[in-house]
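Visitor: If you read the protein sequences in the order shown, they are chains A and B. Just so we're aligned, residue 1 is where the first sequence starts under the working numbering, counting upward by one. Just so we're aligned, residue 1 is where the second sequence starts under the working numbering, counting upward by one.
It is worth saying that the hints were derived from the structure and are not from the lab. Here a beta-carbon is modelled for each residue, glycine too, at the ideal position from N, C-alpha and C. Hints should not be assumed to be uniformly reliable.
If you only want the chain A side, here are some residues facing chain B, beta carbon under 10 Å, derived [as the list claims (entries may be wrong)]:
hint	residue
1	E113
2	T131
3	S134
4	Y152
5	G154
6	S156
7	F157
8	R165
Chain by chain, the residues run as shown.
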Amino acid sequence: MTKHDLRGLTRRQLLSRSLSAGALAVVGTGFIAAPNAAWAIEVTVITPAQMATLLQMARDIYPHDQVPDQFYAVAVKGYDSEEQKAMVAEGVAALDAAAKAAGFDSYVAAGWEEDRVKLLQGMEMTPFFQTVRSGLVTGLYNQKEVWPIFGYQGESFSQGGYIERGFNDIDWL
Amino acid sequence: MATFDLNDDQVVVIIGTGAGGGVLANELAQKGVKVVALEAGGRYLPEDYINDEWESFGQLAWLDARTTSGSWRVAKDFGGLPAWIVKAVGGTTTHWAGASIRFQDHEWKALTNYGAVEGANLLDWPIDGAEMAPWYEKAETKLGVTRTGDRAGLPGNNNYLVFEKGAKALGYKEVHTGRMAINSADYDGRMACQQTGFCFQGCKWGAKWSAAYTDIPAGEATGNLEVRDRAHVARILHDDSGKVTGVEYFDKDGALQMQKARIVCVAGNSFESPRLLLNSASPMFPDGLANSSGMVGKNYMRHTTGSVYAIFDKPVRMWRGTTMAGIVQDEARHDPSRGFVGGYELETLALGLPFMAAFLNPGGWGRGFTTALDHYENMAGMWIVGEDMPQLQNGVTLSDTKDQFGLPVANVHFDDHPNDIAMRNHAYKQGIAMYEAVGATRAFPTPPYPSTHNLGTNRMSAEAKDGVVNKWGQTHDIANLFVSDGSQFTTGAAENPTLTIVALAIRQADHIAREMSAGNI
């Protein structure tokens, strides 16, 4: 809702968009990538493990099974910055501590979404969670490349609107 | 295009250029009155509008600081954004959906017809339906309202067809594609609707009426209207006799200017108008201008709103075509047997995916939320707009927060009245029943968005002690100070307010010109 969010979108566009789908893995210093190496994100400020946690968190907050990881990666890429570093480190540490207390090695090591969601619910009121969640509202859903996955067509002015392209084409009523 | 000197003390200064100020400026200019209109926002025309929800929001929305308080959910979810209104030449007529319906006769006299309601500050308007009928007709002609005069209705889109079938299944009779200020055929030099969607982002075809590309240029063409954009008014000035004499404003370069005036008309919408009167306090008027009643900023109304979205097992594609594509009016009557006074309209509404994610259930997350969005393509939606109760404690006060010019911003306080809650719950139930009648598999009673209908904070009253302005929008306290926007509303009625704001502005222009000729102001 804020100008800050809108500027954040521009930053996120720094991430390469020529990526394909795939599960997520930490592959070494400075990078996380899909296991099939089809895409990767370089992190320069926060650690690859912290970025991997943010990605899992993004998927657990707004889970859409038909939306590939790369879009979530775009949405959280902006946290790899000097301004966000401390908040991320503190937030991820708190999440992992809660995971350990619940008997998991870490947040991402909890295999079931249900278990991870319980951990997130425990920190729902923290600024870290609220920042990540509210950032995703624009960071994830305002990516034009995501819209077709939901069937949303975006602008139609350039095609003359829907007056002759199905504004009233419903056929099942 | 006219330009007037800062020291010209014969001009009428109008603050704000939306449905109230923009129309008033043109109407006065057409009558030969010299007008300087000061607009805080910039100029955007159809070629500038952006059919992308967030980008357009960044372009057009009023994003200057505001603060909120009270128990309304907007204060929690959108604390810095109590209203979704526009900062631009043409004001919120850029953003509005176009619904243009008259008040029902009984709504002009809410106190008489509903009786006193505990906790509410109801009052009768000092005008009525008969008084307003000719002005409504002029407004409908100006706006080219469909289903009035000889203008045909718009065709219904997918979202409407679902809505209509559900409404008829429930036995509703007054169901149609609305009386809309959106051309169903070419009209007044503007083309017909192309069913493009994005009505809220400014109509790129110009098919929807907006003061930005109708009244404003028409007024400028007379040579009697100068519009200064990016002019942010700080204070209204007065002399020792208590008459207003001009306004101080920050120009587009941030420099403080003073424009002298014969008459000042305030039309900055229901937050900025009372804020300006309060920020203009002086030793003579320590509580703010025109505030001897203490009613400046009080009795804020925002309509009882809410939305119902529903998912079906097959595609609807509600975003295609006009955003507000139809209406059910059967519940707009006053019928206390439903458990509340006043009534409500149901109107179709569609949001794009980005705004649906932000507004469906603000703050919501997890699969309960995301499985709703997963079926975005199969969603239909409607909006509730009903009469809410004026309450003394709801309204605008000056905040401790300052804006970019160092001026205290508006704090907007709102608590629902029990009548508002009863009405909203009734409307949710009816809306869900409509969609279930067409086979909805899941429905969502969605909370109110940041307000778009902002009303009542400088209300009209017969007696000076009950309100801020008289039946002409002239302040009770200061003869040459007028209020020309929706903040004049005594009560909100169930109808979208723009048509009434426009009708009042046309009528006010007539009055001001007459009084100027008579030498009374």
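Visitor: List in ascending order the numbers of the hints, as given earlier, that are violated by the structure.
Guide: 2
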